[in-house]
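Let the hints inform the model, and build the full structure from the sequences given.
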Amino acid sequence: MVQDRINVLARRVPVWAVWLLALAPAVWTFYLGLTGGLGAEPIKALERELGEIALQLVILGLCITPLRRHLGVNLIRFRRAVGLLTFSYVCLHLLVWLVLDVQILAQIWADIVKRPYVTVGFSAFLLMIPLALTSNDLSLRRLGPRWRQLHKLTYGVAVLGAVHFIWLSKGFQIEPLIYLAVILALLALRWRPLARIRSA
Amino acid sequence: MAHRWINTLSDTDVTPEVAFLNRRQMIAGAAAGVGLSLMAQRARAETLEPNNWDDITTYNNYYEFGTDKGDPARNARTLTTKPWSVTIDGLVDRPGDYAFDEIMAKMTIEERLYRFRCVEAWSMVVPWNGFELADLLELAGVQSGAKYVAFETVLRPDEMPGVRYPVLDWPYVEGLRLDEALHPLTIMATGIYGRDIPNQNGAPLRLVVPWKYGFKSIKSVVRITLTDKEPPTSWNKANAGEYGFYSNVNPEVSHPRWSQATERQIGGGLFSSRVPTLMFNGYGNEVAGLYAGMDLKKNF
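In order, the protein sequence lines correspond to chains A and B. Going by the working numbering, the first sequence opens with residue 1, and the numbers climb by one from there. Going by the working numbering, the second sequence opens with residue 1001, and the numbers climb by one from there.
Hints may be right or wrong, so weigh each one.
As the list claims (entries may be wrong) - In silico lysine to aspartate or glutamate, DMTMM-like type, Cα no more than 20 Å apart, as pairs:
| hint | chain 1 | residue 1 | chain 2 | residue 2 |
| --- | --- | --- | --- | --- |
| 1 | B | K1069 | A | E47 |
| 2 | A | K170 | B | D1295 |
| 3 | B | K1069 | A | E52 |
Read the hints as simulated data drawn from the structure, not as lab findings.
If you want it as structure tokens, here you go:
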């Protein structure tokens, strides 16, 4: 069966390889920005690219449980890495916004408070902090069942991230709506009546 | 009458204060109805450094060709711009289709180095070539009842991949008050750096209103209608709370989703800083009088 082959293959891939692979686009995009490869306005391009990769990682993270439950593909050993990578990209995205884009401290705070799409994005970042801090074996043991409860914050983070993208776009644009639709679909799969439908 | 407003190119850095002074002197002359000879006493050269050709022609908002800044440069080559004509109708003495070549034969092409400020808080400096809109309107003869000018962009689904999506209500439309349209700063641009204007920048002719946010400067114009009512405008129809009819550059009135107090000058690379945005994009001395007594927070 295909899933078995994937599972065998996945067991052979070391987690550090996932880290390396997933961080490569950040390094590459930054390099492009330095060397004129991101066009006339590299700051926004870099900021946007990092944000989109973060959203893609959110989606990847949300796929892991349904993949196992419905298709029997087990990628659970990469889930922590995917979560922490998502947080890393969100941090980089935020850092580019703070240091390269806005730069002005007073305006940063004004944007967070007054601009709804920034407020939403920043809230998602804040919600991720406890998740990142507890993404280790010690916290997992100490928190016990509460760990699972806490990490359901991921669902909120995912929706906020997509809303952030939709809200900052001008006019009626398809791409951000697709992100939200995919995230909502992945969350729907966790809804009890749907979650019971398992693969044969 | 062409050449009512003059600037010269210079490679020195942007120093808005100096630019202010020059224009104040120039417009003072114009306002007093004094001839060009007197205005020729420019104190110092305009000190704006134009963006390079690549920046100007690869970083564009022209949603008919896609919403990514690079989409227009990638997709707009399919736009047929020859032959081209502009329908001028409504409250004019001589309505009809004006062929582009016929217009060009009658207009005086000037170079205008203008700041260009996008509503998204980035800016460029563009060396346009074009003619004053007032001269084109004079061809058609504006009737006394006219108060506004409506503009329309060409709509060709076969040549414009972006119009498959309802990003905006196509065709793109814009409008100006008649006095704004007749202002000597308002031009129809037909070139950049002395070359024909590229499709992605609005070939073969587009409006340029340098004291307003870029989206007012409608591209690839096929219709100009003189009316007595404020015409609908695309972004206002899409979101009236965010985009007003006037849309004058104003650092004190925020876009609901972002500040307009500062702007990023395109071309500065990864480590450039934002600079303060100027009222009326730095053209206050020329155009502030158009809005005397108006609440610009209400009429944003």
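Now for the hints, and whether the structure bears them out:
1. B:K1069 <-> A:E47: holds (14 Å)
2. A:K170 <-> B:D1295: violated (26 Å)
3. B:K1069 <-> A:E52: holds (16 Å)
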